[in-house]
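*Asks:* So the chains spell out like this:
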Amino acid sequence: MNVIVEREKGLLELEQRIAELKSQAAAQPVDMSAEIRALEAKYAQIQREVFGAMTPWQRVNMARHPKRPLGSDYIAALDQFDELHGDRHFRDDHAIVGGFAKLAGRRVVAIAQDKGRDTKEKVFRNFGMPGPEGYRKVIRLVKLADHLGLPVVTFVDTSGADPGIGSEERAQAEAIAQSLYELADVRVPVVATIIGEGGSGGALALALADRVLMLEHAVYSVASPEGAAAILWGDAARAEEAASRLRLTSDDLIRFGIVDDVIPEPLGGAHRDPSGIVTRVLGTVDGALDALARLPVDELRDRRYRKFRRIGAPPPR
Amino acid sequence: MAAEEAAQWTKCPKCGTMIYRPDLAANLWVCSSCGHHFRMHAFDRIATLVDADFTEIGGDLLPGDPLGWTDKVPYPQKLQRDREKSKLTEGVVCGFASIGGYPVALGVMDFNFRGGTMGTVVGERIAQLFEAARERRLPCVVFTASGGARMEEGMLALMQMAKTTLAVRRFHDAGGYYLSVLTDPTTGGVSASFAFQADVVLAEARAAIGFAGRRVIEQTIRQKLPDNFQTAEFLLEKGAIDMVVERKELKDRLVRLLDYGVGAPLAPPAPTSAETPA
Numbered sequence: 001m002n003v004i005v006e007r008e009k010g011l012l013e014l015e016q017r018i019a020e021l022k023s024q025a026a027a028q029p030v031d032m033s034a035e036i037r038a039l040e041a042k043y044a045q046i047q048r049e050v051f052g053a054m055t056p057w058q059r060v061n062m063a064r065h066p067k068r069p070l071g072s073d074y075i076a077a078l079d080q081f082d083e084l085h086g087d088r089h090f091r092d093d094h095a096i097v098g099g100f101a102k103l104a105g106r107r108v109v110a111i112a113q114d115k116g117r118d119t120k121e122k123v124f125r126n127f128g129m130p131g132p133e134g135y136r137k138v139i140r141l142v143k144l145a146d147h148l149g150l151p152v153v154t155f156v157d158t159s160g161a162d163p164g165i166g167s168e169e170r171a172q173a174e175a176i177a178q179s180l181y182e183l184a185d186v187r188v189p190v191v192a193t194i195i196g197e198g199g200s201g202g203a204l205a206l207a208l209a210d211r212v213l214m215l216e217h218a219v220y221s222v223a224s225p226e227g228a229a230a231i232l233w234g235d236a237a238r239a240e241e242a243a244s245r246l247r248l249t250s251d252d253l254i255r256f257g258i259v260d261d262v263i264p265e266p267l268g269g270a271h272r273d274p275s276g277i278v279t280r281v282l283g284t285v286d287g288a289l290d291a292l293a294r295l296p297v298d299e300l301r302d303r304r305y306r307k308f309r310r311i312g313a314p315p316p317r
Numbered sequence: 001m002a003a004e005e006a007a008q009w010t011k012c013p014k015c016g017t018m019i020y021r022p023d024l025a026a027n028l029w030v031c032s033s034c035g036h037h038f039r040m041h042a043f044d045r046i047a048t049l050v051d052a053d054f055t056e057i058g059g060d061l062l063p064g065d066p067l068g069w070t071d072k073v074p075y076p077q078k079l080q081r082d083r084e085k086s087k088l089t090e091g092v093v094c095g096f097a098s099i100g101g102y103p104v105a106l107g108v109m110d111f112n113f114r115g116g117t118m119g120t121v122v123g124e125r126i127a128q129l130f131e132a133a134r135e136r137r138l139p140c141v142v143f144t145a146s147g148g149a150r151m152e153e154g155m156l157a158l159m160q161m162a163k164t165t166l167a168v169r170r171f172h173d174a175g176g177y178y179l180s181v182l183t184d185p186t187t188g189g190v191s192a193s194f195a196f197q198a199d200v201v202l203a204e205a206r207a208a209i210g211f212a213g214r215r216v217i218e219q220t221i222r223q224k225l226p227d228n229f230q231t232a233e234f235l236l237e238k239g240a241i242d243m244v245v246e247r248k249e250l251k252d253r254l255v256r257l258l259d260y261g262v263g264a265p266l267a268p269p270a271p272t273s274a275e276t277p278a
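Those sequence lines, one after another, are chains A and B. First residue of the first sequence: 1, per the working numbering; consecutive thereafter. First residue of the second sequence: 1, per the working numbering; consecutive thereafter.
Bear in mind the hints are in silico, worked out from the structure with no lab data behind them. Quantities reported herein were computed from a predicted structural model and do not represent experimental measurements. Hints are not guaranteed to be accurate.
The list that follows gives simulated cross-link-like pairs (lysine to any residue, SDA-like), each with its CA atoms no further than 25 Å apart [as the list claims (entries may be wrong)]:
(1) A:K122 x B:I221
(2) B:K224 x A:K143
(3) B:K85 x A:W233
(4) B:K238 x A:I139
(5) B:K238 x A:H94
(6) B:K238 x A:E169
(7) A:K143 x B:V200
(8) B:K224 x A:T284
(9) B:K224 x A:G268
(10) B:K78 x A:A236
(11) B:K72 x A:Q58
Which chain B residues stay away from chain A? Per the calculated CB distances, all over 12 Å, these [to be verified]:
(12) G35
(13) V50
(14) A52
(15) P63
(16) M159
(17) Q160
(18) E249
Quick reminder that beta carbons are idealized off the backbone N, C-alpha and C, glycines included.
Just need the whole structure built from these sequences, with the hints factored in.
*Replies:* Following this line, the structure appears as structure tokens:
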């Protein structure tokens with residue numbers, strides 16, 4: 001069970017109680033404003049306690065909240081979107097949605113990972129875990145963007161690349177390696193936003209970008225906490241402990257220089273104001289594209305090289 | 001004396017045959033009974049390949065503890081233990097040498113050091129290798145052996161996939177020729193970055209190669225995988241790699257392949273030595 005959803009239950013009861021009181025107050029001559037104010041104060045206090053300082057594991061659960069805006073929600077909010085399907089080889093991978101789009105009047109290629117909302121959608125989208133076909137679709141779209149001189153905008157949300165037999169048979173590692181290779185020297189600006197869960201190489205394959213943005217309560221990790229716990233201790237159940245050590249929050253990653261900008265979320269998380277958050281993210285992406293558009297191509301690629309080259313490099317002597 | 005004598009013997013993990021260590025080394029760490037390829041120490045590997053000298057670069061780069069990681073023991077202690085066990089400073093050895101008369105930039109990973117995992121130092125050494133290869137106009141040969149990204153360095157480790165990719169891409173776009181040899185095991189963040197970005201991808205016979213670990217897949221699909229799944233031979237059949245090579249034939253094969261690169265835009269003068277195989 002999602003620990004954030006659990007903690008929200010108490011708050012939801014309070015919310016309902018406040019709403020009931022308000023409607024009673026409207027219908028009756030009795031002054032209930034003091035009582036309402038007291039409840040609202042209590043609500044705000046609990047909300048601050050619950051969401052003010054979340055542990056890494058709570059952040060992971062926030063990033064996986066069932067109501068959190070998904071990749072498709074960002075795609076749907078673009079001015080225009082023409083989906084382009086398939087990898088031209090095997091099939092259309094539904095964990096990745098991509099195509100031509102317009103963002104604030106600018107022509108772009110938009111690519112999003114999508115986990116699916118309800119059970120049927122989750123199965124259709126393979127829970128947001130792309131197979132090699134998904135990464136080959138990304139490669140194709142990035143090449144197309146490069147060909148037409150369109151900036152690339154990606155929205156990252158995956159627990160990781162699909163770990164199935166078919167994915168291995170069709171060379172998942174090669175597909176991710178080539179996606180990185182394609183993004184490495186593309187002549188157009190690339191802006192990636194970690195909107196939920198950035199899990200391992202399967203996330204990075206869409207995030208070798210000139211600007212890497214991250215929602216405040218998104219997480220971005222070398223492996224999913226479950227995966228890391230399994231690798232380290234042979235026990236996926238120790239995910240919470242792994243989460244506490246992996247430094248996967250936006251605070252950590254801005255400090256390491258891995259993320260360029262953190263987009264704040266409302267208290268209680270992005271799902272408290274989905275359309276507001278989607279608008280804010282798209283606005284931030286647009287601003288990043290404005291800045292990158294001014295750079296000559298060689299400068300853009302040089303900066304991209306240096307940006308990743310310095311991560312984990314020894315300090316200059 | 002008995003203990004020293006016993007230490008000279010090892011058991012083949014595949015067929016159980018007892019093998020005299022000097023014989024094993026003489027046989028390139030291949031079991032003479034069943035042909036099992038033992039995982040090789042990086043410097044042993046280098047010694048079996050290079051003509052004469054090997055000049056190491058990046059050997060003075062040592063890992064820090066960027067996350068302040070502790071589980072059973074602090075990360076710096078794990079590193080110290082692996083340094084003693086493996087006689088290596090990190091999971092990859094990089095440098096310059098010549099193979100069959102062909103000068104190369106050579107990188108060799110070693111599973112004995114934290115499972116060959118890629119942290120900041122492995123990523124940095126690989127990136128420096130490709131940058132140096134570009135400057136010196138050398139082809140690049142990299143032997144991979146890795147469990148993937150190193151958990152104890154978190155996202156800084158994952159970012160080495162991006163860093164190494166950028167270095168490979170720059171080298172390649174300048175006209176460089178790159179051969180990778182995937183050895184047992186090559187998985188995760190290394191297979192999903194520089195291992196599969198080479199012009200020619202070779203694999204050692206029976207090496208385990210894949211993205212997700214075998215255990216992870218078995219747990220996900222809740223069924224046992226066939227024995228040949230994720231082996232070099234399986235990948236060859238699926239079209240994912242160029243060739244599978246037995247260790248004994250590896251050096252000759254590399255020399256032949258290096259020869260095809262002498263006309264590359266980024267290439268050294270053709271070799272003058274007469275060591276080119278018939």
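*Asks:* All hints are to be evaluated individually against the structure, with a verdict given for each.
*Replies:* Structure-based check of each hint:
1. A:K122 x B:I221: This hinted pair holds, its Cα atoms lying about 17 Å apart.
2. B:K224 x A:K143: violated, 38 Å
3. B:K85 x A:W233: Roughly 21 Å between the alpha carbons, so the hint for K85 (chain B) and W233 (chain A) holds.
4. B:K238 x A:I139: Given pair K238 (chain B), I139 (chain A) holds - Cα atoms ~20 Å apart, limit 25 Å.
5. B:K238 x A:H94: The hint holds at about 23 Å.
6. B:K238 x A:E169: Between K238 (chain B) and E169 (chain A) the Cα gap is close to 6 Å, so the pair holds against 25 Å.
7. A:K143 x B:V200: At roughly 22 Å apart (the allowed maximum being 25 Å), V200 (chain B) and K143 (chain A) satisfy the hint.
8. B:K224 x A:T284: Answer violated: K224 (chain B) to T284 (chain A) is near 47 Å, above 25 Å.
9. B:K224 x A:G268: violated, 42 Å
10. B:K78 x A:A236: Holds - the C-alpha atoms of A236 (chain A) and K78 (chain B) are around 21 Å apart, at most 25 Å.
11. B:K72 x A:Q58: This hinted pair holds, its Cα atoms lying about 24 Å apart.
12. G35: holds, 25 Å
13. V50: holds, 27 Å
14. A52: Non-interface label on A52 (chain B) holds, nearest chain A Cβ at 30 Å vs cutoff 12 Å.
15. P63: P63 (chain B) is in fact no farther than 12 Å from some Cβ atom of chain A, at 9 Å.
16. M159: Given that some Cβ of chain A is not farther than 12 Å from that of M159 (chain B), nearest at about 4 Å, it is violated.
17. Q160: The claim breaks: Q160 (chain B) does not keep its Cβ more than 12 Å from every Cβ of chain A (closest is about 6 Å).
18. E249: holds, 24 Å
When each numbered hint is compared with the structure, violations occur for hints 2, 8, 9, 15, 16, 17.
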